Amino acid sequence: AQKVTQAQTEISVVEKEDVTLDCVYETRDTTYYLFWYKQPPSGELVFLIRRNSFDEQNEISGRYSWNFQKSTSSFNFTITASQVVDSAVYFCALSEGNDYKLSFGAGTTVTVRA
Amino acid sequence: DTGVSQNPRHKITKRGQNVTFRCDPISEHNRLYWYRQTLGQGPEFLTYFQNEAQLEKSRLLSDRFSAERPKGSFSTLEIQRTEQGDSAMYLCASSLRGLGYNEQFFGPGTRLTVL
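Read top to bottom, the protein sequences are chains A and B.
Start counting the first sequence at 1; every next residue gets the next number (our numbering).
Start counting the second sequence at 1; every next residue gets the next number (our numbering).
Next comes chain A alone, as it looks inside the complex (with noise of 0.2 Å):
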């Protein structure tokens, strides 16, 4: 069964704009942790933010912001003022209890145009 489902196959906006992502995570564990990573065009997957479970307080980090909620097991991912620059695919992943490794989402592919 899919762990991170990443509904949004690609989200295509205009320089300036917010983009949200949506992420939607399974885990019967009560520790886990949640990732967003960036995949620029380059493929080197660059790592963004990261929250555990214990902590559903959203934060801002620059032009990010995250909302996590564990009522709806989801983490959405903000964009603010979106630049071309912005453009790359964008992974949601979780890692469970004391298990080290990352189970990715599918990515969405965000496009920013100018």
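These aren't lab readings, by the way, just hints derived from the structure by calculation.
Just so we're clear, the structure is a prediction, and the values are computed from it rather than from any experiment.
Incorrect hints may have been included.
[Said to hold, decoys possible] Each pair of labels, with its calculated beta carbon distance range:
id : chain 1 : residue 1 : chain 2 : residue 2 : range
1  : B       : Gly3      : A       : Val85     : 17 to 27 Å
2  : B       : Ser66     : A       : Thr78     : 35 to 45 Å
3  : A       : Gln57     : B       : Ser62     : 16 to 26 Å
4  : B       : Gln80     : A       : Gln57     : 41 to 51 Å
5  : A       : Lys70     : B       : Gln41     : 20 to 30 Å
6  : B       : Ser73     : A       : Glu10     : 11 to 21 Å
Cβ coordinates follow ideal geometry from the N, Cα and C atoms, glycine included.
The hints should help you fit chain B onto chain A, whose structure is shown.
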């Protein structure tokens, strides 16, 4: 450059040949992971090491695949008798085991094409 490095970046081979990839983790990182990513999909876990010990292997890792991490430094991933279905990007990541969870940092990957 102190990030994770992988060699080669690209490999084209004929079906049935053996290939070997190398990953050099960030120097102080004691955990090393291998993932495989096919087109349009997220990376899938293959195996991971803590120091030189291989602690977990995915069911994706058939008998044709073998990974090593001698002396707990660099790691190699070998695929024997390659098949066209092995064509993918092979990603290596490393992390530092410590209190709590430590992020995995990924290398640029090795893209394998099996003809």
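Each hint tested on the structure:
no., hint, in the structure
1, B/Gly3 <-> A/Val85: 17 to 27 Å, "holds, 19 Å"
2, B/Ser66 <-> A/Thr78: 35 to 45 Å, "holds, 42 Å"
3, A/Gln57 <-> B/Ser62: 16 to 26 Å, "violated, 43 Å"
4, B/Gln80 <-> A/Gln57: 41 to 51 Å, "holds, 49 Å"
5, A/Lys70 <-> B/Gln41: 20 to 30 Å, "holds, 27 Å"
6, B/Ser73 <-> A/Glu10: 11 to 21 Å, "violated, 40 Å"
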